[in-house]
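Residue numbers (numbering that gives the first Met the number 0): 0 to 204.
Quick caveat, the hints were computed from the structure, so don't treat them as lab data.
All values reported here derive from a predicted model rather than from experimental measurement.
A few of these clues could be false.
Claimed, not checked - Restricting the straight-line Cα-Cα distance to at most 25 Å, the calculated cross-link-like pairs of lysine to aspartate or glutamate (DMTMM-like) are:
# : residue 1 : residue 2
1 : K141      : D131
2 : K183      : D131
3 : K183      : E97
4 : K183      : E132
5 : K141      : D160
6 : K141      : D82
7 : K141      : D67
8 : K141      : E75
9 : K141      : E201
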Amino acid sequence: MRHDMAAMVALRHLLSLPVLAALLAGCGPMVSAQGGSAERAPARVVEERTSDTPAARGAGLLRQAMLDGHRAARAEVGLPPLDWDEGLAASARAYAQEMARTGRFQHAEQPMGPTRQGENLWTGTRGAYRYDEMMGHWVAEKRDFVNLPIPQASRTGQFGDVAHYTQIVWARSTAVGCAMASNKRDDFLVCRYSPTGNVVGERAF
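From just these sequences and the hints, can you work out the full model?
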């Protein structure tokens, strides 16, 4: 009976935990050789968590988690690791802060051309997700990836289903910088890449 009571208490605790949500937005609009672009709608991921303990936070932890996640994903397909770029991280930080301030979760408007940066976005309930879990949501898109020219790179027929992953493993991207900002409700993660990926008509690698 004591075990049953403990189980009931644990169950009530789980049921009292909030349902947490994360949104993903693909790594910037696809870039065409003609200078056009096409946005994609973010995909919503809703989960129940088994703990309400806030996830660990810190700039050093974020940098290491992002570098480790990118390195592992790229190594799986035989690509070299990305270098961390403080300029890209600063750019990512400024945009993460803007999204946290405005609450608008959408890709940054950027000019076409050599200064354009690739962009992966993520948002979720504040303090609920570890950095590696955020990264894992992007990398999980590998399940639908086929290495065909953009935008035919998804088994589902929807390029947006693999757009984070293709930027992560874009062979010509050499550098990454990431940052996160938060408001009272949500965390906003931004990774920026150079050179940009997801060029229409080209393969990831």
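- Query: Tell me, which hint numbers fail for this structure?
  - Reply: Of the numbered hints given earlier, the structure breaks none, since each of them holds.
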